[in-house]
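Chain order of the listed sequences is A and B.
Oh and the first sequence: position 91 is 91 in my numbering, straight run, nothing missing.
Oh and the second sequence: position 8 is 8 in my numbering, straight run, nothing missing.
Source of the hints: derived by calculation from the structure; they are not laboratory data.
Heads up, a few of these hints could be off.
What the hints assert, rightly or not - Calculated pairs, DMTMM-like style, for lysine to aspartate or glutamate (alpha carbon to alpha carbon, straight line, at most 20 Å):
hint, chain 1, residue 1, chain 2, residue 2
1, A, 189, A, 44
2, B, 49, A, 44
3, B, 49, A, 23
4, B, 21, B, 104
5, B, 26, B, 104
6, A, 3, B, 104
7, A, 94, A, 225
As the list claims (entries may be wrong) - Simulated DEER-style distance windows between Cβ atoms:
hint, chain 1, residue 1, chain 2, residue 2, range
8, A, 180, B, 107, 54 to 64 Å
9, A, 4, B, 65, 26 to 36 Å
10, B, 51, A, 106, 27 to 37 Å
11, A, 159, B, 23, 34 to 44 Å
12, B, 81, A, 159, 40 to 50 Å
13, A, 61, B, 1, 32 to 42 Å
14, B, 1, A, 7, 19 to 29 Å
Ideal Cβ placement from N, Cα and C applies to all residues, glycine included.
Letter by letter, the chains look like this.
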Amino acid sequence: MRKIVSLILLAILLSGVIFCLTEIPFGRSLSKVREYYIDNGIKDTGATNIVTSVVVNYRGFDTLGEVTVLFLAAIGLSAVLHQEEKKPKKEGRKSSLILYTGCRFLFPLTMLFGAYIFIHGHLTPGGGFQGGAIIASGFLLTMLGCWKWRGINKSAAKITESIGGLVFVVIGLLGLLYSGYFLANYLPKGLPNELFSAGIIPIIYVAIGFKVGAELTGVLDRLIEEP
Amino acid sequence: MIYYIGAIGLIIIGLYIVLTKRNLIKVIIGLDIFETGIFILLVCTGYIKGGTAPIFSKDKLNPSLMVDPIPQALVLTAIVIGVATLALALSLVIRLYRHYGTLDVRKIKELKW
Numbered sequence: 001m002r003k004i005v006s007l008i009l010l011a012i013l014l015s016g017v018i019f020c021l022t023e024i025p026f027g028r029s030l031s032k033v034r035e036y037y038i039d040n041g042i043k044d045t046g047a048t049n050i051v052t053s054v055v056v057n058y059r060g061f062d063t064l065g066e067v068t069v070l071f072l073a074a075i076g077l078s079a080v081l082h083q084e085e086k087k088p089k090k091e092g093r094k095s096s097l098i099l100y101t102g103c104r105f106l107f108p109l110t111m112l113f114g115a116y117i118f119i120h121g122h123l124t125p126g127g128g129f130q131g132g133a134i135i136a137s138g139f140l141l142t143m144l145g146c147w148k149w150r151g152i153n154k155s156a157a158k159i160t161e162s163i164g165g166l167v168f169v170v171i172g173l174l175g176l177l178y179s180g181y182f183l184a185n186y187l188p189k190g191l192p193n194e195l196f197s198a199g200i201i202p203i204i205y206v207a208i209g210f211k212v213g214a215e216l217t218g219v220l221d222r223l224i225e226e227p
Numbered sequence: 001m002i003y004y005i006g007a008i009g010l011i012i013i014g015l016y017i018v019l020t021k022r023n024l025i026k027v028i029i030g031l032d033i034f035e036t037g038i039f040i041l042l043v044c045t046g047y048i049k050g051g052t053a054p055i056f057s058k059d060k061l062n063p064s065l066m067v068d069p070i071p072q073a074l075v076l077t078a079i080v081i082g083v084a085t086l087a088l089a090l091s092l093v094i095r096l097y098r099h100y101g102t103l104d105v106r107k108i109k110e111l112k113w
């Protein structure tokens, strides 16, 4: 009964969506803003990756809100899962020598790859969020594969997170001071396709990378502590 | 066109799981599939036939063939928000399990309607 009702609902939804989508031409440029961003993106921001210039420069305020949402979700998670009495920690199963050695070998390489992704966010595909996620996956690897996982240093994660958010906001406020509006790109833009170019974009992306990495690692650590 | 079909297929599958399954973890997995379908649908709207990524890594690239960067930036935002809400939903499920000892929606009495 329940399945039949939901199938009927989904059929109505499907017919509506198909009716709408047949009106939209596929595979052609639909928006005028796209042409503006692609033609003027390098001149305005200095970043060769247009997606990065949209995320950090044209829509930087949106990204600040996004970072705030992530922060609030991490806080909400630890508030919901908070327990008064500490349960004794269970002894984890020992992982084999091959797994342990492999984890120890792969962990620094994962960190390096994540750092590369977020430092080169304005030149190549990637950026702060992606690099942060890669760093958190490196920590997840050690959580799952290492012999005795004692948990991350929580205060260090909190400090990294706070400094990352603070750098973002302070750079935005300095833009207010120098150029008259929040998150203005006031640093020299440099030549395109060089590492030190694009003004404030790489600085903000490095800050976001640290912040997202620390935050996701904290979330994973909180979830993995659960009995 | 195949992109639209795939995206809408994922959306329908996700909604079907949300509507019919009774295990809360499965409902969350359904929500995640639903979300992935929406991301693919959004990225599809910016597609251009034979287009390249909107990155000027070489001089030869033709700007008129670059795909729309705006849906990609929006989806980047949406993915991060999706991860955050997924983690929060999982924590709520853990809390419910700790309180009621079950994940079955039918057995959690205060949720009846």
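So, going through the hints one by one against the coordinates:
1. 189/A <-> 44/A: The given pair, whose Cα atoms are some 9 Å apart, holds under the 20 Å limit.
2. 49/B <-> 44/A: violated (27 Å)
3. 49/B <-> 23/A: Holds, at about 18 Å.
4. 21/B <-> 104/B: holds (9 Å)
5. 26/B <-> 104/B: holds (10 Å)
6. 3/A <-> 104/B: holds (17 Å)
7. 94/A <-> 225/A: holds (17 Å)
8. 180/A <-> 107/B: 54 to 64 Å: For residue 107/B against residue 180/A, whose Cβ atoms are near 60 Å apart, the range 54 to 64 Å holds.
9. 4/A <-> 65/B: 26 to 36 Å: Check failed, 47 Å falls outside 26 to 36 Å.
10. 51/B <-> 106/A: 27 to 37 Å: holds (35 Å)
11. 159/A <-> 23/B: 34 to 44 Å: Roughly 39 Å apart at Cβ, these two residues keep to the hinted range, so it holds.
12. 81/B <-> 159/A: 40 to 50 Å: Since residue 81/B and residue 159/A have Cβ atoms about 24 Å apart, the given range 40 to 50 Å is violated.
13. 61/A <-> 1/B: 32 to 42 Å: Since the Cβ atoms of residue 61/A and residue 1/B sit about 36 Å apart, the hinted range of 32 to 42 Å holds.
14. 1/B <-> 7/A: 19 to 29 Å: The hinted range 19 to 29 Å holds for residue 1/B and residue 7/A, with Cβ atoms some 24 Å apart.
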